[in-house]
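S.K.: Protein chains in written order, with the numbering used here: chain V, 1 to 192; chain G, 1 to 100.
Hints are not guaranteed to be accurate.
Here are the computed distance ranges between Cβ atoms for each label pair [as the list claims (entries may be wrong)]:
1) V:Gly-178 <-> G:Val-64: 51 to 59 Å
2) G:Ser-89 <-> V:Val-4: 24 to 32 Å
3) G:Met-1 <-> V:Met-117: 28 to 36 Å
4) G:Ala-94 <-> V:Met-59: 44 to 52 Å
5) V:Met-117 <-> G:Ala-94: 22 to 30 Å
6) V:Ala-158 <-> G:Thr-55: 34 to 42 Å
7) V:Val-156 <-> G:Ser-89: 46 to 54 Å
8) V:Ala-153 <-> G:Met-1: 35 to 43 Å
9) V:Gly-175 <-> G:Thr-70: 41 to 49 Å
Reference listing, derived: stretches of chain G covered by chain V, where coverage requires no fewer than 3 residues with Cβ under 8 Å from a Cβ of chain V [to be verified]:
10) 9-17
11) 20-30
12) 34-45
13) 49-56
14) 60-70
It is worth saying that the hints were derived from the structure and are not from the lab. Beta carbons are placed, not taken as given, at the ideal position from N, Cα and C, and that holds for glycine.
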Amino acid sequence: MSVVLFWFFSIVAVASAAAVFIVNSMARASYALALSFIAVGAIIVQLELDYIGVITILMMVMEMAIMAVFMVMYMGMNPALMPMDMRHNKHRSAIIAVFVFVLLAAGALLIPWPERMGVPAANVTASLGESLMGSKMLVMLVISPVLFATIIASLVLANPRGRYDRRGDNLDRRGADGRSEPEDPIRGGLGR
Amino acid sequence: MTLQLVLLIAAALFAIGLYGALSQQVLVMVMMGIEVMINGVLLAGGALWFFLAPTPDGQTLLVVILAAMTVEMAMGFAVATVIHRSRNSDMTDAATELHG
C-alpha cells in the first residue's frame with residue numbers, strides 16, 4: 001500500500017511541478033505548484049517526518065493563496081487567467097536543466113550510500129522539539145533573527161515612502177517656518 | 001521506496017524548478033521555479049534523514065530549509081513590489097541595472 005501511495009504522490013509531485021511551467025496562465029500555475037507541494041509533503045509524511053510534512057503542506061497552501069492575491073494585484077484580474085507565453089531563452093534553459101538532472105541522478109545512483117545509522121525516535125515530532133530547544137538551539141537562534149530581518153527588509157522595500165523620507169533621518173526636518181510639516185510632494189500618514 | 005528512488009524524484013523536481021527559474025520572464029514565475037527547486041531539496045533532505053541517519057538532530061536541517069523557503073518568498077514579493085512600483089512591470093527584463 002505504501003509503495004502504491006509513494007508512486008502516486010511522486011508522479012503527482014513531478015507532473016504538477018512540470019505543469020507549473022507548461023500551463024499558460026499564472027493562476028493555473030500557482031494551483032499546480034500547490035498540488036506539487038502537497039504531494040511532496042505527503043511523501044515526507046511517509047518518511048515518518050510527520051511534523052515537517054504537515055508544516056510543508058500547510059505553509060505552501062497558504063503561500064499559494066497569497067501568491068494568487070499578489071498576481072491579481074500586479075496583473076489585474078483578467079491577465080492572471082488569460083493564456084500567454086511567459087518564457088524566454090527556452091532551449092538553453094532546457095539544456096541546462098536536463099544536464100543538472102543527469103548529474104544529480106548519476107550522483108543518486110552511483111554514490112555508494114552508507115548503511116542506515118540508528119532508528120527514528122518513538123515520537124519524531126517530540127524529539128525534533130527537544131533537539132530544537134536543547135542541543136540544536138543555535139538553529140532556532142539563527143532562524144529567528146533571519147526571519148525578523150526578512151520582515152524588516154521586505155517592509156523597507158515594499159514601503160513607498162515613510163516618515164524618514166519626509167522628515168530626515170532624525171525626524172527633525174520641519175517646514176519653511178520651522179514649525180509646520182515639511183513640504184513633501186507625496187503626503188503621507190494621518191490626514192493625507 | 002528506496003533512497004535512490006526518492007533522490008531521483010528530488011532531482012527531477014530540482015531540474016524542473018531550475019528550468020522554470022531560468023526560462024520564466026515574470027518575477028512571480030521565477031519565484032515559483034525557485035520554490036520547486038527548494039521543494040526538491042526538502043524531499044532529498046527528508047530521504048537522506050530517513051534512509052541514512054534518522055536521528056532527532058537531522059530534522060533541524062529540514063526546518064532550516066523551510067525557513068529558507070519562507071525568506072525567499074517574502075523577499076521575492078518585496079522585490080516584485082519595488083519593481084512593479086518603479087517600472088509598472090513585473091518582468092525580469094525590466095530589472096537590468098546591474099547588467100554590464
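S.K.: Need the list of violated hint numbers for this structure, in ascending order.
M.R.: When the structure is compared with the hints, numbers 2, 3, 4, 5 and 7 turn out to be violated.
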